[in-house]
Amino acid sequence: MSAEVKEKEPLFSPKNLKLIKTPINLSNPITVQVLGICSALAVTAKLMPAIVLSISVVVVMAASNVVVSLLRNGIPPRIRIIVQLVVIASMVILVDQVLKAFVYDVSKQLSVFVGLIITNCIIMGRLEAFAMSNKPWPAFLDGIGNALGYGIILIIVAFFRELLGSGTLLDIQVIPDGFYEFGYKNNGLMILPPMALITVGVIIWVQRFYTRDLIEKN
Amino acid sequence: MQEIFNIFIKSIFIDNMVFAYFLGMCSYLAVSKTVKTSVGLGFAVVFVLGITVPVDYLLNEYILKAGAMAWVDPSFADVDLSFLSFILFIAIIASMVQLVEMIVEKFSPALYASLGIFLPLIAVNCAILGGSLFMQERDYQSLAQATSFGLGSGVGWFLAIVGIAAIREKIRYSNVPPALRGLGITFIITGLMGIAFMSFLGIKL
Numbered sequence: 000m001s002a003e004v005k006e007k008e009p010l011f012s013p014k015n016l017k018l019i020k021t022p023i024n025l026s027n028p029i030t031v032q033v034l035g036i037c038s039a040l041a042v043t044a045k046l047m048p049a050i051v052l053s054i055s056v057v058v059v060m061a062a063s064n065v066v067v068s069l070l071r072n073g074i075p076p077r078i079r080i081i082v083q084l085v086v087i088a089s090m091v092i093l094v095d096q097v098l099k100a101f102v103y104d105v106s107k108q109l110s111v112f113v114g115l116i117i118t119n120c121i122i123m124g125r126l127e128a129f130a131m132s133n134k135p136w137p138a139f140l141d142g143i144g145n146a147l148g149y150g151i152i153l154i155i156v157a158f159f160r161e162l163l164g165s166g167t168l169l170d171i172q173v174i175p176d177g178f179y180e181f182g183y184k185n186n187g188l189m190i191l192p193p194m195a196l197i198t199v200g201v202i203i204w205v206q207r208f209y210t211r212d213l214i215e216k217n
Numbered sequence: 000m001q002e003i004f005n006i007f008i009k010s011i012f013i014d015n016m017v018f019a020y021f022l023g024m025c026s027y028l029a030v031s032k033t034v035k036t037s038v039g040l041g042f043a044v045v046f047v048l049g050i051t052v053p054v055d056y057l058l059n060e061y062i063l064k065a066g067a068m069a070w071v072d073p074s075f076a077d078v079d080l081s082f083l084s085f086i087l088f089i090a091i092i093a094s095m096v097q098l099v100e101m102i103v104e105k106f107s108p109a110l111y112a113s114l115g116i117f118l119p120l121i122a123v124n125c126a127i128l129g130g131s132l133f134m135q136e137r138d139y140q141s142l143a144q145a146t147s148f149g150l151g152s153g154v155g156w157f158l159a160i161v162g163i164a165a166i167r168e169k170i171r172y173s174n175v176p177p178a179l180r181g182l183g184i185t186f187i188i189t190g191l192m193g194i195a196f197m198s199f200l201g202i203k204l
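Top to bottom, those sequences are chains L and U. Residue numbers are given in numbering that gives the first Met the number 0: position 199 of the first sequence equals residue 198, and the series is strictly consecutive. Residue numbers are given in numbering that gives the first Met the number 0: position 30 of the second sequence equals residue 29, and the series is strictly consecutive.
Calculated from the structure, these hints are not laboratory results.
Stretch by stretch, here's where chain L covers chain U in the computed footprint (C-beta under 8 Å, at least three residues): (1) 14 to 28; (2) 125 to 138; (3) 187 to 193.
By construction, the Cβ of each residue, glycine as well, lies at the ideal position given by its N, Cα and C atoms.
Turn these sequences into a full structure, and let the hints steer you where they fit.
Okay, here's the thing in structure tokens:
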């Protein structure tokens with residue numbers, strides 16, 4: 000009995016913890032792997048939708064990673080893409096229905112972007128690269144880690160865009176009225192879609208400035 | 000007729016898939032290193048969007064929408080299957096991509112060779128699913144409108160990827176700060192292009 004326990008890896012071994020930690024910085028899905036940008040940027044004009052979308056992605060990703068990892072020995076390689084899409088799509092339908100039931104306003108703001116979680120390359124990418132060849136528990140951690148790395152970027156971008164663009168955070172005004180009396184103006188440009196791209200560009204700049212290994216050779 | 004043309008122009012310039020909605024960004028960033036490959040991918044996207052949006056339109060109109068099943072039998076009139084649209088749209092897209100791949104391979108091996116790996120990749124390009132979902136959300140009135148929306152979005156995406164590829168080919172000769180090289184500067188250029196495209200917002204159609 001005791002021998003059996005010893006052989007087992009502890010649930011939060013360093014190796015498993017690494018699965019969560021590296022995607023947050025060194026192999027961040029958005030800034031390094033360049034995956035999952037599609038459905039991300041358009042919802043970052045305000046903090047609230049960004050947080051809701053991040054949570055949805057964490058749920059979808061962890062769940063579909065576990066399901067695909069459980070099924071991995073039964074999926075014929077030729078049709079694996081379709082199987083993966085079906086698993087993801089069912090998870091997304093669940094999340095979509097829950098969002099519609101409990102936070103209807105935010106779900107309206109997110110509009111098609113909940114559906115677009117299906118084609119979020121980061122989910123397919125992790126299913127292909129990790130869940131298809133690993134046990135459910137590491138796959139679960141990998142899903143959580145990557146989705147968190149994705150969510151963090153989303154929330155940083157939304158934080159700056161909402162703060163500079165509307166002077167609010169989560170719809171609560173944070174810039175004091177006094178500033179406005181002195182002539183401070185909200186920067187309306189930050190609300191517009193192109194600024195999301197530029198904000199991400201700047202985040203990449205800052206991250207690579209501190210993590211020299213990531214710099215591209217051109 | 001004019002309405003159809005308006006939708007076409009609008010989906011190319013004003014509601015551009017890349018600059019206004021960030022759809023298809025993954026392949027947009029990954030494949031825009033040279034103009035030649037990006038032209039290939041651009042054509043493939045126009046092609047697939049032009050086919051899947053009308054097909055998904057018919058699917059939505061006759062099966063998924065609330066009350067759409069009434070043509071089968073009046074007793075189905077209150078069936079609403081719209082919650083199934085994600086899974087059906089993605090199934091249509093995946094199978095259409097497969098079909099298009101086989102047809103192109105059979106009839107035009109030269110085009111097939113030049114599109115190569117891009118065709119299968121398109122199944123997970125968010126611009127395609129996004130096209131269908133926007134079509135559903137905006138509730139187009141006829142098949143022709145849906146088709147022109149699909150083609151227009153494809154052409155808009157094509158313009159965007161060819162533009163960024165041309166800029167990236169040139170920027171290799173400029174002195175970009177090391178930490179910004181590659182991905183970072185591409186994001187910022189895309190943002191600037193987006194700002195340029197916003198000048199089309201003034202057009203009233």
